[in-house]
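K.L.:
Based on the sequences and whatever the hints tell you, model everything.
These are the residues of each chain, in order.
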Amino acid sequence: MKGYRKYFGKKLFWFGITFIAALLLNFTLPRLMPGDPVSMIVSKQAQGLTEASAVKAIYDNYAKEFGTSKPMIEQFFTYVGNLFKGDMGTSFSQYPRKVADIIGSAVGWTLGLQLPAIIMGWLLGNILGALAAYVRKGFDKVLMPMTLFFSSVPAFGMAVTLLVIFSITLKVTPVAGGYGYDMIPNFSWNFINSVLQHYQLPFWSIVIISIGGQAIGMRSMSIYELNADYVKYARFLGIKDRKIVGYVFRNAMLPQVTGLALSLGTMVGGALVAEIIFSYPGLGTTMYQGIKMMDYPLISGTTLIITVMVLVATFVLDIVYGFIDPRVKAAQFE
Amino acid sequence: MQKTRKLLSMLLAIALLCSLFIVPASAETVELPRNETLYFAGIQWGSVNGWNPLSDDMNNGMAITQNAGGSRSIMFETLYMYNMLDGSLTPLLADGDYVWNDARTEITVKIKPAAKWSDGTAITAEDVAYTFATSVKIGNARGNSYKPFIETVEAVDDSTVLIKAKLNDEGAAVNPLQMITYLEEAYVFQKAWVEAVEARSGDDPAAVKRDLGEDVVWSGPYTKYYADDQKVVFVRDDAYWGQDASMWGTLPVPKYIVHTIYADNPAGETALKAGEVDVCQQFIANIQDLWLKDGLPISTYMDEAPWGICVNMPTAYYNLDKPVLQNAALRKAIALAVDYDAIIQNAMTGQSPSFADVPRSLMNPTAGEQATFDHEAVKDLQWAGDDAASAIAMLDAAGIVDTDGDGWRDIDGEKISLNACCPNGWTDWMAAMEIVAAAGEKIGIEITTEFPEWSVYQTVVTAATQDQYDIFMMWTDSAAPTQPWGRVRQLMSSEFVGVEGNWSGNWGHFSNARADEIIAAIPSETDEAALKALYTEAVQIYLTEVPSFSLMYRPNMFHAVNESVWTNFPDASDGRNIPPAICVDGYGIAALYELELVNP
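Those protein sequences? They're chains V and H, same order as listed. Taking our numbering, the leading residue of the first sequence gets 3, the next gets one more, and so forth. Taking our numbering, the leading residue of the second sequence gets 127, the next gets one more, and so forth.
It should be emphasised that the hints constitute simulated quantities derived from the structure, not laboratory data. From a predicted model like this one, the values you see are computed outputs, not experimental measurements.
Examples of chain V residues toward chain H, derived with CB under 10 angstroms:
(1) Met35
(2) Ser45
(3) Ala54
(4) Ile60
(5) Lys66
(6) Ser95
(7) Gly179
(8) Ser190
(9) Asn192
(10) Phe193
(11) Glu277
(12) Ile279
(13) Tyr290
(14) Met295
A few chain H positions that, by computed beta-carbon distances, are all more than 12 angstroms from chain V:
(15) Arg230
(16) Leu377
(17) Trp534
(18) Thr574
(19) Gln666
(20) Leu669
Backbone N, C-alpha and C define an ideal beta-carbon position, used for all residues, glycine too.
P.N.:
Shown next as structure tokens:
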């Protein structure tokens, strides 16, 4: 037990350090972009205003509201101070909305889209990869090139292809949005059906690509494991194939679990392409808008979410690893 | 193995359930009947922030847009509605025409007796006065913008508004033209509601502007119904005062107005083609192909090219902070060599009249603006472009020649090397800049294109001085009651030189004393002939000095409609005089009262 405590303590310490470093970068990097966010906001309102004094008054007003004229170090401490109070600040581009409110309304869509898609892609990919390694012959010959192909298609290419085929040419799926253009959200079968219909293309555009990557990895790992000495030994002992596949799967899974944890952690960034192409709501679109409008608090807010998710995923992974692979635990406790 | 499988299937089930729990609060009507709903695209980008029209930043394009070319009046209303077709002002909250006093320092406006707020109370002159006073007090965009030329807005009695001009040293109104803009641009808000906002904000101007205005009182025919990250829905107010015989005599036809929030232009265009959008305010390349080739029931305001009414003139500015560009012959020679027809065909896909059809001046192609100057007097100064021979002759005559034999012309022994810039991703502008660069090559002047991001571009262009961009693009004013004076000022007034954060105009920092005198004289000039002489002289200066040159004509609003559900949209040839203002701006809103269903 003491060993566990020390192990977790050490881990937590390093995650803490990483978190502080990430926080600093989250805050600083957006502010190093060339350009001036206040003038971006003013540009939206000043078009059509003919009085230079009026434009200046608007500029000064926002510079004061956003505190962008203060020294960066002072802004950083205000930011961190507010974070401790659970306040991620006020968005520049969607002023006066709170960043937490914007992220809150977007995060459900991203989780709803990404979580099932990543898990589904991971599951299908691993099963197909293991099967390809085990069955070989025709199955592998067909599957391998296909998975290679799909895993190398860029995410936007896949999304656009699906959009053109299913929405524009065949007209079997909706073009854009998270639910019907003629609906208002409510608890009814019609609405749920509409959400599910709009869900299909973004969902499959993510699944198909991740199947490819996962299957390739799983196949190689399984082939490697199938040729391992312990498998030969098990066969020699006359252990049933089913049982051996179980051993192989468990060993080949290890790197795949890392992959899963990392894709769960980075899902917000990964959501960007699918969300933008399908005009699907979510954190990816939010972050994209934040970057376009130089909305520092919003960029910092979304990247903070990514940072926390990656850190949590890696932390959980470290713990889970210990359980599924005693060798890792042993090594870590040394 | 069994356990893992169970765990994974549970995880999957939870994840799928998650996707169902993202449903926001429900509203009464959950499906919008297609034949009662008018769908828009190209106005609302990103989700609505709030409903407070005193704020500058509600990102609520459909409800809150005050614009000199015609304010959007589905929820909030102005005194008058502007019609860019004939420059007329039609009374909305106002009763009859506005009246100037003899000295042209005061305007009197009557309020319609029938005009009511959504809570049933009468709209009074006091509301108009309080709206103006509050806007100035809290320093919002409108307040700051009217302050330089309106002294006060007073309520003489419940139904009479008196607008007093700010006076100059001679006792004349500083700018009578801009006072007219106030009449058709400024919304009127309910005094009682504004006072309530002030009270809960502790009279703090910033807090007043931050208020989300969820309880806002309106006077227009529609009100907020539902808004989220994907759409904003308005519902008709069936108690709308405007159904009184003294105004429209009826309610607008669509019960709901919906704007779906698309990620970008292509998404909106796809939805228009699919019939999910009825009115689309987006530039669509080769729009005529939608009906000529694809056979879709889509149309625009005009049956022939340029398909719309062009009132804006995207313009290439010379950076006059650069010594080399202070040479007028060089500026004019580059402008002469540019192939504008290629720009119009490539960048605008033909959706602009050519400079042979509408020779260049400071005026847009509308008949009203074209009539303001003497065409004969400026004829010799105009050019239609793609004239490398004249440009080369002009450069040679000015002594701008290749002295070192490297193929490029020099000034004072130095090669002229310029960049041509516009924001990255603005594809029509980028195409135009490429054609400008190509013109340089034809006449021996090195011009290279650069496309910085908008966030950087706008900071550089609006700076007090800059040495980064040599030739760069910006827009001009569209149609408004102050035009073409506003555009003359925007393109030539030296009042904008050296102003930090300059969004008003003259981005190339041109200075000309006579031009400034003309710009100062026009707003107070009432004699038609004298006015024409002033405008003509302004055009002569502009075409001689060439501080900038327009590259194309362009509509202020694109106005493509899909007639698969709704029809009887305004059309240039229907004689109704309803402008192509997307059925919601200025007098363009008259279209909403005349729409018909394709299948009733």
